[in-house]
Amino acid sequence: MNIVQTRASRPDWRPLLIYWKGEKYYRRVLFVKADNDYYLGIDVGSVSTDLALLDSFGNLVDKVYLRTRGKPISILKEGLKILEDKWPGIKINGVGTTGSGRYLAAVVAGADVVKNEITAHAVAASRVNSDVKTVLEIGGQDSKIIIIRDGIAVDFAMNSVCAAGTGSFLDQQAARLEIPIEEFGKYALMAERPVRIAGRCSVFAESDMIHKQQTGHDLPEIIAGLCEAMVRNYLSNVAKGKEIKPPVLFQGGVAANIGIKMAFEKELKCPVYIPEHHDVMGAIGAGLLVREFILKKKGKTKFKGFAVASLDFATRAFECEGCPNHCEIVNIFQADELIARWGYKCTKWDMLNDNTG
22 MNIVQTRASR PDWRPLLIYW KGEKYYRRVL FVKADNDYYL GIDVGSVSTD LALLDSFGNL
82 VDKVYLRTRG KPISILKEGL KILEDKWPGI KINGVGTTGS GRYLAAVVAG ADVVKNEITA
142 HAVAASRVNS DVKTVLEIGG QDSKIIIIRD GIAVDFAMNS VCAAGTGSFL DQQAARLEIP
202 IEEFGKYALM AERPVRIAGR CSVFAESDMI HKQQTGHDLP EIIAGLCEAM VRNYLSNVAK
262 GKEIKPPVLF QGGVAANIGI KMAFEKELKC PVYIPEHHDV MGAIGAGLLV REFILKKKGK
322 TKFKGFAVAS LDFATRAFEC EGCPNHCEIV NIFQADELIA RWGYKCTKWD MLNDNTG
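Convert by adding 21 to the 1-based position in the sequence shown; the result is the number in the numbering used here.
Calculated directly from the structure, the hints in this document are not laboratory data. C-beta: ideal position from N, C-alpha, C; glycine also. Certain hints may be false.
Cross-link-like lysine-lysine pairs, in silico, DSS-like; alpha carbons within 27 Å at most [as the list claims (entries may be wrong)]:
| id | residue 1 | residue 2 |
| --- | --- | --- |
| 1 | Lys261 | Lys287 |
| 2 | Lys325 | Lys84 |
| 3 | Lys317 | Lys290 |
| 4 | Lys92 | Lys263 |
| 5 | Lys287 | Lys263 |
| 6 | Lys92 | Lys266 |
| 7 | Lys317 | Lys287 |
| 8 | Lys154 | Lys261 |
| 9 | Lys92 | Lys107 |
| 10 | Lys287 | Lys107 |
| 11 | Lys323 | Lys102 |
| 12 | Lys154 | Lys266 |
| 13 | Lys154 | Lys290 |
| 14 | Lys318 | Lys112 |
| 15 | Lys319 | Lys112 |
| 16 | Lys323 | Lys154 |
| 17 | Lys112 | Lys325 |
| 18 | Lys154 | Lys287 |
| 19 | Lys290 | Lys266 |
| 20 | Lys290 | Lys261 |
| 21 | Lys92 | Lys207 |
| 22 | Lys321 | Lys84 |
| 23 | Lys112 | Lys366 |
Label-pair restraints from in silico Cβ distances [unchecked claim]:
| id | residue 1 | residue 2 | range |
| --- | --- | --- | --- |
| 24 | Lys318 | Ile173 | 20 to 26 Å |
| 25 | Gly237 | Gln193 | 19 to 25 Å |
| 26 | Glu199 | Ile265 | 33 to 39 Å |
| 27 | Asp171 | Ser331 | 44 to 50 Å |
| 28 | Phe339 | Glu203 | 39 to 45 Å |
| 29 | Asp333 | Asp171 | 43 to 49 Å |
| 30 | Asp333 | Ile103 | 17 to 23 Å |
Could you build the full structure based on these sequences and the hints that come with them?
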């Protein structure tokens, strides 16, 4: 099957084209030369900060994946500096932010669109495969499932309470076993008989892994057992009651673990596809959303420019004692000037000229 496309015949190319040939699944990245107009998607999470640079057609042309390390502002500035150095003189038409730190990122960078992770991941998944019906997403600190029908997210669920089944838990176990996290999935593939690991709780899972080591089980069997336990936990908690239909896309940083992918396929009894840029799908979705917004609005972007990478920002939090809610108010300062505030549930702190806290 040969696919021939030209800019004239289909200008709105997908960043990742998916097509079928017999039983084989192909992933192809299409690179096109666009003009100097770009869109920037930013996904700030507790574990990673991702930036996706899209051209005027919505194609992914570059991405940055950085560990947040508890310093979202500094890491975001670092990501912007990386893009500025690689793409000098580019024009950013719009910026979209998502992730748990989306409001912070919006203030620092100057965002035109701020969207939740569900919307961003759903949009990116539909861009990759317009027929997608289920999105499995496992990140560093949380996991989610998105049910899509006819290109629209109709249902979702998230788990941000328990660490079991997240990337941070895998990182901890890889460090304890002295195995690079990048090699974790390869070890799982070496197992002939995965052992059963308790996966309901991260504490129980770790103690069960230690017990299996002490009873003489091989490392690949234990790692494969952990992958299967994580998938069982995900399906019985996050995906409980959800109608999982193919095509199924697996997104997030944990999608790099081939052991988890195969465990999902074993349980779901259907192929699970991993987008090439699975690690920055939230940022891609934010970029696509802001592109759509700007093209409709045709207004000027709020992006502050790459110069924000050299500016100093600070956050200060305080607890409001005005009522029993005791809201935690977060103030954002730039050069001692209060530029943003959130966390309140009433209008008391609407005015930014009050520098309390």
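A quick look at each hint next to the structure:
For the proposed pair Lys261 and Lys287, the alpha carbon gap of about 17 Å is at most 27 Å, so the pair holds. Taken as a hint, the Lys325 and Lys84 pair is honoured in the structure, with Cα atoms around 19 Å apart against an allowance of 27 Å. About 42 Å separates the Cα atoms of Lys317 and Lys290, which puts this hinted pair outside 27 Å; it is violated. Distance restraint check for Lys92 and Lys263: the Cα-Cα separation of roughly 35 Å exceeds the 27 Å cut-off, and the hinted pair is therefore not satisfied.
For the hint linking Lys287 to Lys263, the alpha-carbon distance of about 18 Å falls within 27 Å, and the restraint holds. For the hint pairing Lys92 with Lys266, the CA-to-CA distance comes to about 38 Å; that exceeds 27 Å, so the pair is violated. Between Lys317 and Lys287 the alpha-carbon distance is near 44 Å, which puts this suggested pair outside the 27 Å criterion. For the suggested pair Lys154 and Lys261, the alpha carbons sit about 16 Å apart, so the restraint of at most 27 Å is met.
Only pairs whose Cα atoms come within 27 Å are accepted, and Lys92 paired with Lys107 is accepted, the gap being roughly 23 Å. At roughly 42 Å between alpha-carbon atoms, Lys287 and Lys107 are farther apart than 27 Å, so this suggested pair is violated. For the proposed pair Lys323 and Lys102, the alpha carbon gap of about 18 Å is at most 27 Å, so the pair holds. Of the pairs offered as hints, the one joining Lys154 and Lys266 holds, with about 6 Å between alpha carbons and a cut-off of 27 Å not exceeded.
Taking the CA atoms of Lys154 and Lys290, the gap is near 15 Å; set against the 27 Å cutoff, the hint holds. Distance hint between Lys318 and Lys112 is fulfilled; the C-alpha atoms sit about 17 Å from each other, no more than 27 Å. Simply put, Lys319 and Lys112 have alpha-carbon atoms about 15 Å apart, close enough for the 27 Å limit, and the pair holds. This hinted pair does not check out: Lys323 and Lys154 have alpha carbons roughly 34 Å apart, beyond 27 Å.
Distance hint between Lys112 and Lys325 is fulfilled; the C-alpha atoms sit about 12 Å from each other, no more than 27 Å. Distance hint between Lys154 and Lys287 is fulfilled; the C-alpha atoms sit about 18 Å from each other, no more than 27 Å. As the CA atoms of Lys290 and Lys266 are separated by approximately 11 Å, the hinted pair is consistent with the 27 Å bound. Distance hint between Lys290 and Lys261 is fulfilled; the C-alpha atoms sit about 17 Å from each other, no more than 27 Å.
Taking the CA atoms of Lys92 and Lys207, the gap is about 31 Å. The hint is violated against a cut of 27 Å. The suggested pairing of Lys321 with Lys84 holds, with an alpha-carbon distance near 24 Å, which does not exceed 27 Å. Only pairs whose Cα atoms come within 27 Å are accepted, and Lys112 paired with Lys366 is rejected, the gap being roughly 37 Å. Between Lys318 and Ile173 the C-beta distance comes to about 22 Å, which sits within the given range of 20 to 26 Å.
In this structure the supplied range 19 to 25 Å holds for Gly237 paired with Gln193, their Cβ-Cβ distance being about 23 Å. Between Glu199 and Ile265 the beta carbons are some 35 Å apart, a value that agrees with the proposed interval 33 to 39 Å. For the pair Asp171 and Ser331, the beta carbons lie near 46 Å from each other, so the given range of 44 to 50 Å is met. The beta-carbon spacing between Phe339 and Glu203, approximately 41 Å, falls within the hinted interval of 39 to 45 Å.
Distance hint check for Asp333 and Asp171: the Cβ-Cβ separation is about 47 Å, which falls inside the suggested range of 43 to 49 Å. The beta-carbon spacing between Asp333 and Ile103, approximately 19 Å, falls within the hinted interval of 17 to 23 Å.
Consistency note: the structure conflicts with the earlier hints numbered 3, 4, 6, 7, 10, 16, 21, 23.
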